[in-house]
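Peer 1: Taken in sequence, the protein lines are chains A and B.
For the first sequence, position 101 (counting from the first letter as 1) is numbered 101 according to this note's numbering, and the numbering increases by one without interruption.
Numbering-wise, this note's numbering comes out as the position in the second sequence, counting from 1, plus 1000.
Watch out, some of these pointers could steer you wrong.
To be verified - List time: in silico DSBU-like cross-link candidates among lysine-lysine, alpha-carbon distance up to 35 Å:
| no. | chain 1 | residue 1 | chain 2 | residue 2 |
| --- | --- | --- | --- | --- |
| 1 | A | Lys42 | A | Lys84 |
| 2 | B | Lys1172 | A | Lys84 |
| 3 | B | Lys1140 | A | Lys42 |
| 4 | B | Lys1147 | B | Lys1172 |
| 5 | A | Lys172 | A | Lys140 |
| 6 | B | Lys1042 | A | Lys140 |
| 7 | A | Lys172 | B | Lys1147 |
| 8 | A | Lys172 | B | Lys1140 |
| 9 | A | Lys42 | B | Lys1042 |
| 10 | B | Lys1084 | A | Lys217 |
| 11 | B | Lys1042 | A | Lys144 |
| 12 | B | Lys1140 | B | Lys1172 |
Calculated from the structure, these hints are not laboratory results.
2 protein chains.
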Amino acid sequence: MPDADLTTADENTKQGEEARGPGRRLHGAIAHKLGTAILSGKYAPGDILSGEVAFAEELQVSRSAYREAIQVLTAKGLVASRPKAGTRVLPRDRWNLLDPEVLGWAFAGEPDIEFVRSLFELRAIVEPAAARLAAQRRDKADLKAMKDALAAMRRHTLTTEAGRAADRDFHKAILQATRNDALLTLSASIGAAVNWTTQFKQRARALPRNPIPDHVKVYDAIAAGDAAAAAEAMNVLVDLALEDTRSSMED
Amino acid sequence: MPDADLTTADENTKQGEEARGPGRRLHGAIAHKLGTAILSGKYAPGDILSGEVAFAEELQVSRSAYREAIQVLTAKGLVASRPKAGTRVLPRDRWNLLDPEVLGWAFAGEPDIEFVRSLFELRAIVEPAAARLAAQRRDKADLKAMKDALAAMRRHTLTTEAGRAADRDFHKAILQATRNDALLTLSASIGAAVNWTTQFKQRARALPRNPIPDHVKVYDAIAAGDAAAAAEAMNVLVDLALEDTRSSMED
DNA sequence: CTCCCTATTTACTCCGACATATTTCCTGTG
DNA sequence: CACAGGAAATATGTCGGAGTAAATAGGGAG
């Protein structure tokens, strides 16, 4: 049972607009709290969060707020509610792990290293193929977006937030060039995951090598329309990230 | 604006448990209605669904029900609500297209053929790589699950629902053998999409070729632990589906 | 004539109570 | 002793109202 009160919910009412924090609404804060609890394993699949009124009292909020939070969790496939039976945590394979918010919850506490590995493995599968398609379908605007992102990466290093944002922009530009909405959505999730990992572990040694030349190789191949070279160049990039993840697993 | 009343919501109260219909709850029905409206383009990104009370009256439901529905849409990244500004439809790149429910909404009306193509393209990228991993990591239980699914596919043909379910089970067993939760979640979405397409267009000519031998080749390669052969065999499978999608685009 | 400050309108957010459906337990019968 | 039917208990689903934050429009000053 959650013993902590919801004093953390007070902060979100203060910060106004587009905060990325625990949730800018009351029910958002509750969803964050419950979501992290589920993702961290505090509530295992099959457990029932019985007692709508009990939880509402526990969290010092009205039943409506608690109910809206449950609605969010239900929408993401984490729980399912049935009258009398209570709210049950669904099995993992029903969870929508690719949801950016769920990803945030997964990385809020101690992220499961196996899950991080699976995400980078997925990235290693998708991005080279995306680079291949981008090489075939990119237009001038796409190339300009990639070029701008590269320039920004050179100005700021990857140790700064601006530099990491430029890195994300570069990959996003590639995904946009694929003219594939499903891929684009997927990349948004993966990008968020990568962002969370870098934010979680601020390890300085994470950049053992200058990433710019590898990125330039990807760009050149896409600009030249060489699909095979683009896929191979991107393969080098993501394999480096995958290796980095594997090495950090041994810590 | 939605002119139809929500009499369709009555049916969901009757059917009890795990119905796959428009929504087994009232707010679920509203979310379905609004979700399909957004996915079909009836409400374009940037449009505001202003008037909580107006919509609630329009739909003949209470504000709470409408509000819960909006909460679901918000959780899936389709809309964002702010005081005074109203509820605004977010740009497409914020949408969680991989959410099974969103996929259902996309296929509820006239599915966008470009989007269907992008989904099958994603499948063509992911599944061969998944087969490769499965060949390296599968154990006896995985192989048994695949074998059982194959047997079920032989018993029922793909023209029946049971046969298609067996097909999904086969692919799911492969994805489970990858030991990759992110891939598994993704395959659930893709499987739902494939299911929706077959359900949407009941074209008899969609099966020009006996799919069993191709599936057996995938199974044999995975059982043998031959990663390259597994990837190639799966490639044949998904390329056939992709070609089928492309040909149906010309209708 | 333009810019800034203020007040009003507007629409979302939160709250507490009522109605309803379902599960479980108990009792009676075969 | 086992099974079926009914009643009670409990959680979910629904409803209308009050509070609050924000955007727009209007007025005043520069």
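Peer 1: Look at each hint and say if it fits the structure.
Peer 2: Against the structure, the hints:
no.: 1; hint: A:Lys42 - A:Lys84; result: 23 Å, holds
no.: 2; hint: B:Lys1172 - A:Lys84; result: 32 Å, holds
no.: 3; hint: B:Lys1140 - A:Lys42; result: 31 Å, holds
no.: 4; hint: B:Lys1147 - B:Lys1172; result: 12 Å, holds
no.: 5; hint: A:Lys172 - A:Lys140; result: 15 Å, holds
no.: 6; hint: B:Lys1042 - A:Lys140; result: 31 Å, holds
no.: 7; hint: A:Lys172 - B:Lys1147; result: 40 Å, violated
no.: 8; hint: A:Lys172 - B:Lys1140; result: 40 Å, violated
no.: 9; hint: A:Lys42 - B:Lys1042; result: 42 Å, violated
no.: 10; hint: B:Lys1084 - A:Lys217; result: 48 Å, violated
no.: 11; hint: B:Lys1042 - A:Lys144; result: 33 Å, holds
no.: 12; hint: B:Lys1140 - B:Lys1172; result: 15 Å, holds
In summary, the structure is inconsistent with hints 7, 8, 9 and 10 from the numbered list given earlier, while agreeing with the others.
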